[in-house]
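*Asks:* Those protein sequence lines, which keep their order, are chains A and B.
Quick note on our numbering: the first sequence kicks off at 1 and runs consecutively.
Quick note on our numbering: the second sequence kicks off at 1 and runs consecutively.
Don't read these hints as lab results, they were simulated from the structure.
Heads up, some of the hints might be wrong.
Stated by the list, open to error - The calculated DSS-like cross-link candidates involving lysine-lysine, where the alpha carbons are at most 27 Å apart (straight line), are:
no.: 1; chain 1: B; residue 1: K457; chain 2: A; residue 2: K296
no.: 2; chain 1: B; residue 1: K344; chain 2: A; residue 2: K298
no.: 3; chain 1: B; residue 1: K457; chain 2: B; residue 2: K402
no.: 4; chain 1: B; residue 1: K145; chain 2: B; residue 2: K285
no.: 5; chain 1: B; residue 1: K344; chain 2: B; residue 2: K402
no.: 6; chain 1: A; residue 1: K296; chain 2: B; residue 2: K497
no.: 7; chain 1: B; residue 1: K457; chain 2: B; residue 2: K344
no.: 8; chain 1: B; residue 1: K166; chain 2: A; residue 2: K215
no.: 9; chain 1: B; residue 1: K355; chain 2: B; residue 2: K329
no.: 10; chain 1: B; residue 1: K457; chain 2: B; residue 2: K397
no.: 11; chain 1: B; residue 1: K397; chain 2: A; residue 2: K298
no.: 12; chain 1: B; residue 1: K163; chain 2: A; residue 2: K296
no.: 13; chain 1: A; residue 1: K215; chain 2: B; residue 2: K376
no.: 14; chain 1: B; residue 1: K355; chain 2: B; residue 2: K344
no.: 15; chain 1: B; residue 1: K397; chain 2: B; residue 2: K497
no.: 16; chain 1: B; residue 1: K457; chain 2: B; residue 2: K506
no.: 17; chain 1: B; residue 1: K231; chain 2: B; residue 2: K285
no.: 18; chain 1: A; residue 1: K296; chain 2: B; residue 2: K376
no.: 19; chain 1: B; residue 1: K195; chain 2: B; residue 2: K145
no.: 20; chain 1: B; residue 1: K376; chain 2: B; residue 2: K355
no.: 21; chain 1: A; residue 1: K215; chain 2: B; residue 2: K402
no.: 22; chain 1: A; residue 1: K298; chain 2: B; residue 2: K112
no.: 23; chain 1: B; residue 1: K376; chain 2: A; residue 2: K298
no.: 24; chain 1: B; residue 1: K112; chain 2: B; residue 2: K145
no.: 25; chain 1: B; residue 1: K231; chain 2: B; residue 2: K355
no.: 26; chain 1: B; residue 1: K402; chain 2: A; residue 2: K296
no.: 27; chain 1: B; residue 1: K457; chain 2: B; residue 2: K376
no.: 28; chain 1: B; residue 1: K285; chain 2: B; residue 2: K506
no.: 29; chain 1: B; residue 1: K376; chain 2: B; residue 2: K397
no.: 30; chain 1: B; residue 1: K231; chain 2: B; residue 2: K195
Said to hold, decoys possible - Which chain B residues stay away from chain A? Per the calculated CB distances, all over 12 Å, these:
no.: 31; residue: R79
no.: 32; residue: G260
no.: 33; residue: D353
no.: 34; residue: R354
no.: 35; residue: T367
no.: 36; residue: K373
no.: 37; residue: S375
no.: 38; residue: D385
Note that beta-carbon positions come from the ideal geometry of N, C-alpha and C, so glycine has one too.
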Amino acid sequence: MTDTAAAPKKSGGIRDLGKMFGGGQSSLRQFGILGALIVIILFFEVATGGQTLKPGNVINIVNQNAYVLILAIGMVMVIIAGHIDLSVGSVAAFTGIVVAIAMNRGGLPWWLGVLIGLGIGAVVGAWQGFWVAYVGVPAFIVTLAGMLIFRGANQFIGNATTEPVKDDVFLQIGGGYLPDPDLGLPYNVPTLILGLVAVALVVFAEFRGRARRRKVGAEAVPLWVSLVKVVLLAAVILFAAFLFAGGRVGTSFPIPGVILVALVVIYAFVTNNTVTGRHIYSVGGNWHAAELSGVKIKRINFFVMMNMSILAAVAGMVFISRSAASGPGDGTSWELDAIAAVFIGGAAVSGGIGTVIGSIVGGLVIAVLNNGLQLLGVSSDRVQIIKGLVLLLAVGIDVWSKRSGGRSIIARFSRPKKVSATDDNMTYPLNRPLVEPGDSAESSSRPSSTTPNA
Amino acid sequence: MVDAPFILEMRGITKRFPGVIALDDVTLRVRAGEIHSICGENGAGKSTLMKVLSGVYGYGTYEGDIVWEGEVARFRDIRQSEAAGIVIIHQELALIPELSITENIFLGNEPKTPFGSIDWSTARLRARELLQRVGLRDDPDTQIKNIGVGKQQLVEIAKALNKNVKLLILDEPTAALNENDSQHLLGLIRDLRDKGVTSIMISHKLNEIEAISNSITIIRDGHTVESLDVKADGVDEDRIIRGMVGRTLENRFPEHDGSGIGDVFFEVRNWTVQHPLTTERLVAKNSHFTVRRGEVVGFAGLMGAGRTELAMSIFGQSYGTVLSGEIYKDGQEIKVPNVAAAIKHGIAYVSEDRKALGLNLLDDIKTSVVSAKLSKIAPAGVVDDLQEREISENYRKELRIKTPTVDEGVNKLSGGNQQKVVLAKWMFTDPDLLILDEPTRGIDVGAKTEIYGIIRKLAESGAGVILISSELPELLGVADRIYTIFEGTITSEIRAKDADPETLMKSMTSDKKKDAA
Numbered sequence: 001m002t003d004t005a006a007a008p009k010k011s012g013g014i015r016d017l018g019k020m021f022g023g024g025q026s027s028l029r030q031f032g033i034l035g036a037l038i039v040i041i042l043f044f045e046v047a048t049g050g051q052t053l054k055p056g057n058v059i060n061i062v063n064q065n066a067y068v069l070i071l072a073i074g075m076v077m078v079i080i081a082g083h084i085d086l087s088v089g090s091v092a093a094f095t096g097i098v099v100a101i102a103m104n105r106g107g108l109p110w111w112l113g114v115l116i117g118l119g120i121g122a123v124v125g126a127w128q129g130f131w132v133a134y135v136g137v138p139a140f141i142v143t144l145a146g147m148l149i150f151r152g153a154n155q156f157i158g159n160a161t162t163e164p165v166k167d168d169v170f171l172q173i174g175g176g177y178l179p180d181p182d183l184g185l186p187y188n189v190p191t192l193i194l195g196l197v198a199v200a201l202v203v204f205a206e207f208r209g210r211a212r213r214r215k216v217g218a219e220a221v222p223l224w225v226s227l228v229k230v231v232l233l234a235a236v237i238l239f240a241a242f243l244f245a246g247g248r249v250g251t252s253f254p255i256p257g258v259i260l261v262a263l264v265v266i267y268a269f270v271t272n273n274t275v276t277g278r279h280i281y282s283v284g285g286n287w288h289a290a291e292l293s294g295v296k297i298k299r300i301n302f303f304v305m306m307n308m309s310i311l312a313a314v315a316g317m318v319f320i321s322r323s324a325a326s327g328p329g330d331g332t333s334w335e336l337d338a339i340a341a342v343f344i345g346g347a348a349v350s351g352g353i354g355t356v357i358g359s360i361v362g363g364l365v366i367a368v369l370n371n372g373l374q375l376l377g378v379s380s381d382r383v384q385i386i387k388g389l390v391l392l393l394a395v396g397i398d399v400w401s402k403r404s405g406g407r408s409i410i411a412r413f414s415r416p417k418k419v420s421a422t423d424d425n426m427t428y429p430l431n432r433p434l435v436e437p438g439d440s441a442e443s444s445s446r447p448s449s450t451t452p453n454a
Numbered sequence: 001m002v003d004a005p006f007i008l009e010m011r012g013i014t015k016r017f018p019g020v021i022a023l024d025d026v027t028l029r030v031r032a033g034e035i036h037s038i039c040g041e042n043g044a045g046k047s048t049l050m051k052v053l054s055g056v057y058g059y060g061t062y063e064g065d066i067v068w069e070g071e072v073a074r075f076r077d078i079r080q081s082e083a084a085g086i087v088i089i090h091q092e093l094a095l096i097p098e099l100s101i102t103e104n105i106f107l108g109n110e111p112k113t114p115f116g117s118i119d120w121s122t123a124r125l126r127a128r129e130l131l132q133r134v135g136l137r138d139d140p141d142t143q144i145k146n147i148g149v150g151k152q153q154l155v156e157i158a159k160a161l162n163k164n165v166k167l168l169i170l171d172e173p174t175a176a177l178n179e180n181d182s183q184h185l186l187g188l189i190r191d192l193r194d195k196g197v198t199s200i201m202i203s204h205k206l207n208e209i210e211a212i213s214n215s216i217t218i219i220r221d222g223h224t225v226e227s228l229d230v231k232a233d234g235v236d237e238d239r240i241i242r243g244m245v246g247r248t249l250e251n252r253f254p255e256h257d258g259s260g261i262g263d264v265f266f267e268v269r270n271w272t273v274q275h276p277l278t279t280e281r282l283v284a285k286n287s288h289f290t291v292r293r294g295e296v297v298g299f300a301g302l303m304g305a306g307r308t309e310l311a312m313s314i315f316g317q318s319y320g321t322v323l324s325g326e327i328y329k330d331g332q333e334i335k336v337p338n339v340a341a342a343i344k345h346g347i348a349y350v351s352e353d354r355k356a357l358g359l360n361l362l363d364d365i366k367t368s369v370v371s372a373k374l375s376k377i378a379p380a381g382v383v384d385d386l387q388e389r390e391i392s393e394n395y396r397k398e399l400r401i402k403t404p405t406v407d408e409g410v411n412k413l414s415g416g417n418q419q420k421v422v423l424a425k426w427m428f429t430d431p432d433l434l435i436l437d438e439p440t441r442g443i444d445v446g447a448k449t450e451i452y453g454i455i456r457k458l459a460e461s462g463a464g465v466i467l468i469s470s471e472l473p474e475l476l477g478v479a480d481r482i483y484t485i486f487e488g489t490i491t492s493e494i495r496a497k498d499a500d501p502e503t504l505m506k507s508m509t510s511d512k513k514k515d516a517a
């Protein structure tokens with residue numbers, strides 16, 4: 001322990017692979033969820049006799065779940081900041097009916113409809129953000145109220161009936177595919193190009209990151225880890241590209257999927273790399289400390305609530321576009337699907353922990369589960385029971401593994417027992433000496449009278 | 001009084017925590033029907049001793065004997081000690097604000113009707129009697145939140161009386177009270193003594209101790225220093241102080257001769273701050289102080305004196321309501337309505353509670369280091385992770401933070417290293433004025449010495465440093481100039497080399513302005 005700092009850490013590739021999720025302490029947990037997703041996919045692939053990974057089915061999964069996954073992006077930010085949003089389903093439905101009526105009866109062009117939809121999301125979000133951030137009403141209450149208000153508003157405006165959506169361009173948002181030029185190939189070329197571009201970006205990002213890290217002389221991830229990671233990711237992307245490209249003629253990678261991927265990339269960047277993203281994590285992790293570090297907490301809370309409603313508006317528009325109509329029952333219980341996705345994806349109920357990518361993976365776990373069980377002919381009552389149990393199990397394992405040492409279950413099984421045994425002792429306040437013996441033990445046992453009654 | 005038998009004897013009490021001995025062979029003897037005070041600096045072990053006595057640290061977790069009314073007592077929890085007649089009233093009152101006086105008095109101890117439901121009429125009747133005994137004329141149906149802290153204290157005592165208390169332990173009973181309420185409370189404790197209730201009082205207010213106590217036990221660093229009989233030994237405040245601080249300064253502080261000290265650049269005038277909840281209470285009263293460039297200014301004061309409150313109110317009004325006052329920096333008045341403004345004006349505040357207020361324990365080291373001035377490495381709102389790593393890496397080396405990598409979570413670090421991360425976080429904001437609130441609390445001697453070195457280095461680089469500390473040797477060893485604070489008032493200003501623990505303690509325990517120099 002004389003100069004541990006200079007010695008490069010001999011961590012295995014598993015930990016480094018966890019950095020695919022942006023590193024940090026929750027990455028291992030998310031790595032576990034990704035593993036679970038793969039296991040579930042393989043299970044259903046076998047159980048359904050190869051039905052799960054058929055192009056048509058995969059396209060179906062994306063189409064049916066894009067809007068919930070879009071909600072999960074906003075929801076994870078809300079939950080990281082330590083709040084919750086129960087109103088997203090109602091807000092999506094409210095946006096949907098207004099946009100549908102504006103285009104259908106008002107004759108507005110599709111782009112104006114989209115702008116109006118986004119505007120509604122912003123206004124609704126500002127309303128809820130105002131109550132949460134500036135008045136200080138708990139988000140649970142504000143959005144519970146919002147859930148009622150905007151559900152009612154949907155039915156009030158739409159007269160509790162269904163409004164059709166007919167604009168051809170608008171219908172592409174939720175129901176369209178990448179263009180399918182007839183080149184005489186069994187595959188959709190634009191989808192393949194998209195896949196290749198994605199692979200190129202992954203390779204570029206990985207090796208640029210390596211170069212940057214080398215420049216500051218930071219601990220370098222072993223080359224083989226980078227290679228394995230790139231090859232694995234590229235393989236997955238290309239496999240998916242061929243799946244999506246290989247469907248029946250006229251189908252390819254769906255537009256909702258494109259919107260989703262774009263949003264994931266943008267929001268993963270915002271949460272990981274921007275000041276705003278950092279502030280969201282700090283508010284959720286310890287808002288007292290954040291406030292004393294100059295973070296404008298109210299502004300952050302306002303932002304996450306507003307952003308959530310805007311994304312709910314996007315989800316609402318994708319949905320009415322896909323179903324070519326807006327109805328009074330749209331978006332029912334979407335909030336619960338989104339929240340479940342976020343928690344399965346590794347977010348903490350107490351805030352401060354969670355990632356966009358993790359939530360998407362969590363959402364895909366639910367999506368594949370839904371789809372696979374349906375393919376197997378399991379009735380919807382039992383599907384619900386199974387989904388509930390999966391949520392409980394995922395979070396339960398997380399809580400359990402945290403209590404017994406703050407490590408993920410995957411890490412527990414993938415490391416020698418000895419290591420986790422020492423880590424078990426590191427739960428504060430009986431912090432055992434890690435580098436400075438006796439040091440922290442003293443702090444834990446000072447009589448409480450040393451604390452001024454500030 | 002001298003002849004009265006001992007109602008309580010604590011013999012050779014030793015209480016160990018992992019790595020620390022909080023109490024080492026402590027002896028306390030209390031005679032029946034007296035008021036016995038326990039004195040000692042913050043962290044001396046007073047509260048731990050009372051927790052042993054009241055069963056919070058139950059039988060078996062300590063060594064030594066508690067002899068209560070002539071028999072060895074083995075309290076396993078608070079209920080057992082209360083059943084024996086020992087009741088402790090903590091500094092933070094254990095009353096429920098939303099419940100009425102009656103409901104609070106009988107909480108957990110409710111009189112029952114024959115049918116098993118609560119007999120409220122009996123309860124109310126008895127509450128009225130008890131309130132009369134403590135001299136409170138309020139309606140027993142009043143909610144606790146609607147009466148002042150002074151009266152709440154009396155309700156606590158009424159609650160204790162209801163339990164047939166024989167020994168009443170009061171931990172800092174007057175810390176939150178104004179002069180009138182304090183006098184009333186002390187009078188009541190005297191009355192109770194005359195009616196046969198023995199009291200143990202922990203207090204930092206030496207004048208009160210001197211006025212009310214029959215005998216005094218002084219504890220220092222977990223040892224009993226002495227037991228004094230107030231009348232027979234002719235005890236006065238000076239005598240108590242000598243007992244409390246009598247220890248030698250070790251040579252673990254960096255050398256400094258005051259040569260690098262420049263002009264006054266930071267000045268606070270007429271600073272008056274209101275308590276956030278109790279509006280009649282002022283935590284800072286017309287405070288005025290200055291800081292020079294290159295100077296370490298010490299703030300000395302006992303628990304609850306208002307040092308933290310003063311510092312936080314200056315740091316972007318993070319505490320209470322500032323009623324009046326101006327801040328001048330480099331001769332110009334500056335406005336500091338929030339923390340962001342404070343950071344912009346070059347003020348940094350390192351909190352005394354690094355876990356609750358200083359760090360996001362979910363973060364890793366590099367994220368924490370840059371968190372107070374992210375804009376510095378994020379010109380367009382996008383954090384430059386390369387610079388982040390480089391900067392935190394530099395601080396890791398400069399401050400010798402013991403960690404394999406800056407990717408490590410701060411919750412994995414020891415107290416001393418966490419504190420270094422917090423220091424790095426605030427050094428990163430390029431502060432002109434760095435306020436350090438108990439920067440060495442709960443960290444070991446080695447790390448302390450390192451932190452003293454960092455403090456002196458910061459001062460030498462031209463920053464002003466305010467050092468708030470409960471450890472007098474630390475203040476005397478590190479600071480150039482010291483202000484003493486008592487109940488929100490700055491009572492004296494003294495150059496560190498002219499000061500000694502006794503004079504400081506005197507000004508920290510009374511607001512009589514003494515010519516300390």
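*Asks:* Is R79 (chain B) truly not at the interface, in the sense that its beta carbon sits beyond 12 Å from all beta carbons of chain A?
*Replies:* Correct as stated: the minimum Cβ-Cβ distance to chain A is 21 Å, above 12 Å.
*Asks:* Between the alpha carbons of K215 (chain A) and K376 (chain B), is the straight-line distance 27 Å or under?
*Replies:* Holds - the C-alpha atoms of K376 (chain B) and K215 (chain A) are around 20 Å apart, at most 27 Å.
*Asks:* Are K457 (chain B) and K397 (chain B) close enough, with their CA atoms no more than 27 Å apart?
*Replies:* holds (15 Å)
*Asks:* Is it true that the CA of K195 (chain B) sits at most 27 Å from the CA of K145 (chain B)?
*Replies:* This hinted pair is violated, its Cα atoms lying about 30 Å apart.
*Asks:* Assess, step by step, whether the Cα of K231 (chain B) is no farther than 27 Å from the Cα of K195 (chain B), and give holds or violated.
*Replies:* holds (21 Å)
*Asks:* K285 (chain B) and K506 (chain B): Cα distance at most 27 Å?
*Replies:* holds (19 Å)
*Asks:* Would you check the hint for K166 (chain B) and K215 (chain A), treating anything up to 27 Å between C-alpha atoms as holding?
*Replies:* violated (72 Å)
*Asks:* Hinted pair, alpha-carbon criterion (27 Å max): K145 (chain B), K285 (chain B). Please report holds or violated.
*Replies:* Satisfied, since the Cα-Cα distance of roughly 25 Å is no more than 27 Å.
*Asks:* Confirm or reject: K373 (chain B) is not an interface residue toward chain A, with every Cβ-Cβ distance exceeding 12 Å.
*Replies:* At roughly 8 Å from the nearest Cβ of chain A, K373 (chain B) sits no farther out than 12 Å, so the non-interface label is violated.
*Asks:* Next pair to validate is K355 (chain B) with K344 (chain B); report whether the Cα-Cα distance is within 27 Å.
*Replies:* holds (24 Å)
*Asks:* Within 27 Å, alpha carbon to alpha carbon, are K344 (chain B) and K402 (chain B)?
*Replies:* violated (30 Å)
*Asks:* Hinted pair, alpha-carbon criterion (27 Å max): K457 (chain B), K506 (chain B). Please report holds or violated.
*Replies:* Violated, at about 31 Å.
Hint compliance for this structure: hints 1, 5, 6, 8, 9, 11, 12, 15, 16, 17, 19, 22, 25, 26, 33, 34, 35, 36, 37, 38 are broken, all remaining hints hold.
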